[in-house]
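Novice: Going down the list, the protein sequences come from chains A and B. Reading the first sequence from the start, the letters are residues 0 to 416 in numbering that gives the first Met the number 0. Reading the second sequence from the start, the letters are residues 0 to 416 in numbering that gives the first Met the number 0.
Calculated directly from the structure, the hints in this document are not laboratory data. Since the structure is predicted, the reported quantities are computational estimates derived from the model, not experimental observations. It is possible that part of the hints are untrue.
As the list claims (entries may be wrong) - In silico lysine-lysine, DSSO-like type, Cα no more than 30 Å apart, as pairs: (1) Lys233/B to Lys159/A; (2) Lys233/A to Lys233/B; (3) Lys281/B to Lys3/A; (4) Lys29/A to Lys29/B; (5) Lys314/A to Lys348/B; (6) Lys323/B to Lys3/A; (7) Lys233/A to Lys261/A; (8) Lys281/B to Lys112/A; (9) Lys281/A to Lys29/B.
Protein chains: 2
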Amino acid sequence: MAKKLKIGLFGFGCVGQGLHYVLNNSTGFKADIVKIAVKDKTKERSVSKDLITFDKYEILNNPEIDVIVELIDDAEEAFNIVSEALKKGKHVVTANKKMLAIHLEELYELQIKNNVSLLYEASAGGSIPIIRTLEEYFDNEELEKVSGIFNGTTNYILTKTINEKLSYAVALKQAQEKGFAETDPTNDVEGYDPKFKAVIIALHAFGLIIKPEEVLNLGITTLHENDIKYASEKDYKIKLTPVIQRLPNDKVGVLVAPRFVKETNQLFNVENEFNGVIVEGKFSGEQFLQGKGAGSYPTGAAVLSDISALSHGYKYEYKKHVQKHASNFTNDVIVNVYFRYNSLIDLNKIEFDEISEKYNGGDYNYIVGKVNLQTLLNNRDYILKNKLFISLVNDTISLKAKKAEATVNKEKQLINN
Amino acid sequence: MAKKLKIGLFGFGCVGQGLHYVLNNSTGFKADIVKIAVKDKTKERSVSKDLITFDKYEILNNPEIDVIVELIDDAEEAFNIVSEALKKGKHVVTANKKMLAIHLEELYELQIKNNVSLLYEASAGGSIPIIRTLEEYFDNEELEKVSGIFNGTTNYILTKTINEKLSYAVALKQAQEKGFAETDPTNDVEGYDPKFKAVIIALHAFGLIIKPEEVLNLGITTLHENDIKYASEKDYKIKLTPVIQRLPNDKVGVLVAPRFVKETNQLFNVENEFNGVIVEGKFSGEQFLQGKGAGSYPTGAAVLSDISALSHGYKYEYKKHVQKHASNFTNDVIVNVYFRYNSLIDLNKIEFDEISEKYNGGDYNYIVGKVNLQTLLNNRDYILKNKLFISLVNDTISLKAKKAEATVNKEKQLINN
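Looking at chain A on its own, in the form it has when it is part of the complex (with noise of 0.2 Å):
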């Protein structure tokens, strides 16, 4: 039988509120939070004051505490709180993917040095199991792609902005209002969330460390209502997905961006504060796992269900990492875009391999086509800061296809013309 874990818990905001609950609601495991570590020291809390500490070594240096679990917003103090942990022998569950992104491999080391187990299921797809489900069930399977949405935050901005018409600051507001953005909403308005929750996605997936700033993300920041209409009118609608997709000889290419999503696609369906995956197996095919990707609760389900796990014994193996699965990040890949720019200054800074639609209305211009997704990641300031925007026409990434010097000129003089 599983012992009862003893827990020192750092932050007590949404989620740590959310786990409490779940925790103190649960019938079936039992687990004690003997003390919680907070920043605030005015603010009143719904917990005894005997569970409060201002300190954290009064967690990190009581021996009878087991497991550490880390839900606070500041990602190097987690970094610091979560690493000490480590070191002093004591499993980890956190929630943060901001830390676990930029530290992925001091992470994976200090677990390996230290034999502990670090486990981070609500760091990713909400309330969907889909690091488990990856590193335990899909461990001997190869993939080809894992996409979906994995950010609950611009998913509700979209839903509200796109089928029931709001304007982004409006539908931007409401969920500020619901507690699924946070005052400064950049994070996730900008892609970062959901880029971090990739750039974890793809060390189980396949097995690869990337740094977050070697991967684009493209936000919902410059939408604009053109943009809206352009998917409407086709039946498209827009999520921002990561794509992860292994490639020809063991390539692996990740981006966060905006994609047009068609009626056919699991996605499409993903609404408001829900979270999607789609995992695309060689023998398995599609599978498709779809949960809440926000919210106090589910969340606190999410680290409560890694809390059990390591009452088991529980640690990730990394399998796919250990097994050297396809072990080349690279960004010299073709993406397929629709770009919506202002002027010809724009299409000469970015410069399209293939265009193979276009479109020139004075105030609105747009091209569909293939670009470098290095050019893209070399030009993302520029694309912000002219308001310009960029979304997948699909989810398919591909290697560099030489092409025609001849091709090439015919269509800088359709660009030109």
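Add chain B to chain A, keeping to what the hints say.
Specialist: Quick look at chain B alone, frame taken from chain A:
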């Protein structure tokens, strides 16, 4: 690191060949099939004759073999093989839902007694890792309901008859040609197969060991075009869905029956041979998982996933059963159904507690209302024999509410008028 397993395989049909192919074409995981036991001595096979045996003891008594993989059709012979293997201290992987459902208690005890592992992810939900997810991820959470589409064959037939207006006979023939349906499709079309799966899932979701014969299974053999027309007019699709639901007082209700599914339900878009499972948790909310429910490679991949888990020492802990979750199975519950009948005799035989809709059109008569599940179970043969059709109108099972005698009498009047 995991050790390389030596596998003794029973059966080399659709799934056995799928496993053989998937195993030999996986890069991540290596295991050897050292012997394959088959029945038919005359059949030509795609593997070396040295691998084949007609004597089960060549596998069962081979000390070199670590894992028995049982993939034969015959449930009783499968039970003989599996129970003998477990007694000999060998781990077993099986996909045989009928055997599992019938012998669940014995197989549970054999594992404990002999300290061996029996895994069967491929037995339910096709390539969806539902058992593992329930066992490892929702072990600490109180679940409210598990429902879904667990049978690829009937879902294929229903998709073709409802969306493409094919006749039942033509759709069944197509399913057989595609290898989804067997020559004798009774197990699928009468709902036995999804019932066996529901029985297995009830153990991992609620800790319940129930006998298949205690559970109602209504199938799609009596589906008439009038039923399809009724559903279509209301924008419903008809799906064959098991429902396993927690009720007050630790009770659980289980049944398998056709159901009218609205567009807002996740199962609406689960088409053809796909399976879908909805897991409703107290805290995590609604989870949805979809994947291929039939086919040689997807099922082979699910079996391989179990073999891989075995190589890491995995065994089910039956946590909900050990925790004695909701342990009172009951058929004394109310379900809301559409009931197409022929004559008043049918209505007097199958007595409804409440009627909300009534149509009498000579050749086509139906009522919609509440009926006791036990009443339906008692009259299952009568329903089939008289080609009556029952469809759930929602997925909610409720405990019986006592009604005033007057109301009952009024309804009896309504029926007889």
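Novice: For each hint, tell me whether it holds in the structure or not.
Specialist: Verification of the supplied hints:
no.	hint	in the structure
1	Lys233/B to Lys159/A	27 Å, holds
2	Lys233/A to Lys233/B	27 Å, holds
3	Lys281/B to Lys3/A	22 Å, holds
4	Lys29/A to Lys29/B	38 Å, violated
5	Lys314/A to Lys348/B	57 Å, violated
6	Lys323/B to Lys3/A	17 Å, holds
7	Lys233/A to Lys261/A	9 Å, holds
8	Lys281/B to Lys112/A	38 Å, violated
9	Lys281/A to Lys29/B	16 Å, holds
Violated hints, in rising order: 4, 5 and 8; the structure is consistent with all others.
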